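Undergrad: The primary structure of each chain is shown beneath.
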Amino acid sequence: DAGVTQSPTHLIKTRGQQVTLRCSPISGHKSVSWYQQVLGQGPQFIFQYYEKEERGRGNFPDRFSARQFPNYSSELNVNALLLGDSALYLCASSKTALGEKLFFGSGTQLSVL
Amino acid sequence: AQSVTQLDSQVPVFEEAPVELRCNYSSSVSVYLFWYVQYPNQGLQLLLKYLSGSTLVESINGFEAEFNKSQTSFHLRKPSVHISDTAEYFCAVRPSGGYQKVTFGTGTKLQVIP
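Protein sequence lines correspond, in order, to chains A and B. Throughout the first sequence, residue numbering follows our numbering, covering 1 to 113 in sequence. Throughout the second sequence, residue numbering follows our numbering, covering 1 to 114 in sequence.
Check each hint, because a few of them may be wrong.
Capping the alpha-carbon separation at 30 Å, the derived lysine-lysine pairs in DSBU-like fashion look like this [unchecked claim]:
1) B:K101 / B:K69
2) A:K52 / B:K49
3) A:K95 / B:K69
Estimated spans, in silico, between C-beta atoms of each pair [stated by the list, open to error]:
4) A:K13 / B:A1: 38 to 44 Å
5) A:V38 / B:P114: 27 to 33 Å
6) A:T96 / B:S30: 15 to 21 Å
7) A:G56 / B:Q45: 21 to 27 Å
8) A:L39 / B:E15: 36 to 42 Å
9) B:S52 / A:G16: 44 to 50 Å
10) B:I113 / A:T96: 40 to 46 Å
11) B:G62 / A:R67: 38 to 44 Å
Here are some of the chain A residues that sit facing chain B, going by a computed Cβ distance under 10 Å [said to hold, decoys possible]:
12) Q6
13) S31
14) Q37
15) G40
16) Q41
17) P43
18) R57
19) G58
20) F60
21) L83
22) C91
23) S94
24) L102
25) F103
26) S106
No lab work stands behind these hints: they were computed from the structure. All of these numbers come straight from a predicted model, not from anything done at the bench. Where a beta carbon is used, it is the ideal one built from N, C-alpha and C, also for glycine.
If we strip away everything but chain A, and leave its shape as in the complex, we get (with noise of 0.2 Å):
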């Protein structure tokens, strides 16, 4: 069976601009999860979805916004990028939502300039 898989893998935008990223996860899991790991950090939760509602949202701003399809991939969207967007975002799930064991993906390199 695929991992979790995202897409796309490097992505270079402007000050301003806006961004969809896009993870399709494991066969079976219904829980999506999204963090963003600025560089030396760890990751920092932004995201819940589980069965297409939102399960739990962390301190980001309202710029950030994520949606769950029928299908349980799942679409993270940026607007009006800052600089500080800049960071690798992971996409993770999980059989179910509280699922103690997260699968996650290679993640998509955001690079805001």
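Fit chain B to the given chain A structure using the hints.
TA: Just chain B, lined up with the frame of chain A:
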């Protein structure tokens, strides 16, 4: 709210030597504890986890961690490291109830020297 402290940003160690990566956490509620490993240009992989029961947990590749509630610690140890253990290790916590908001530490880079 939870927080995780990994005091050592880098730990160099010679091959076949023992290593300990330190992790302390803070939380007002009961938590699950995790260690994740990140190899270069890859996502995170779960190394081991503590949910309940025995305070000593082990991974399949020789790492172990011990939950110490009184010291709020979850240090990671390995008696003999291998070159392939070179990676960044993240300690993490999440509430035992509720949703999956995992709080990660800042990571410790383990460099195994041949």
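Undergrad: So, for every hint listed, does it hold in this structure?
TA: Status of each hint after checking the structure:
{"no.": "1", "hint": "B:K101 / B:K69", "result": "21 Å, holds"}
{"no.": "2", "hint": "A:K52 / B:K49", "result": "27 Å, holds"}
{"no.": "3", "hint": "A:K95 / B:K69", "result": "29 Å, holds"}
{"no.": "4", "hint": "A:K13 / B:A1: 38 to 44 Å", "result": "31 Å, violated"}
{"no.": "5", "hint": "A:V38 / B:P114: 27 to 33 Å", "result": "31 Å, holds"}
{"no.": "6", "hint": "A:T96 / B:S30: 15 to 21 Å", "result": "19 Å, holds"}
{"no.": "7", "hint": "A:G56 / B:Q45: 21 to 27 Å", "result": "22 Å, holds"}
{"no.": "8", "hint": "A:L39 / B:E15: 36 to 42 Å", "result": "28 Å, violated"}
{"no.": "9", "hint": "B:S52 / A:G16: 44 to 50 Å", "result": "48 Å, holds"}
{"no.": "10", "hint": "B:I113 / A:T96: 40 to 46 Å", "result": "42 Å, holds"}
{"no.": "11", "hint": "B:G62 / A:R67: 38 to 44 Å", "result": "41 Å, holds"}
{"no.": "12", "hint": "Q6", "result": "8 Å, holds"}
{"no.": "13", "hint": "S31", "result": "7 Å, holds"}
{"no.": "14", "hint": "Q37", "result": "8 Å, holds"}
{"no.": "15", "hint": "G40", "result": "7 Å, holds"}
{"no.": "16", "hint": "Q41", "result": "6 Å, holds"}
{"no.": "17", "hint": "P43", "result": "5 Å, holds"}
{"no.": "18", "hint": "R57", "result": "9 Å, holds"}
{"no.": "19", "hint": "G58", "result": "7 Å, holds"}
{"no.": "20", "hint": "F60", "result": "12 Å, violated"}
{"no.": "21", "hint": "L83", "result": "21 Å, violated"}
{"no.": "22", "hint": "C91", "result": "8 Å, holds"}
{"no.": "23", "hint": "S94", "result": "7 Å, holds"}
{"no.": "24", "hint": "L102", "result": "7 Å, holds"}
{"no.": "25", "hint": "F103", "result": "8 Å, holds"}
{"no.": "26", "hint": "S106", "result": "5 Å, holds"}
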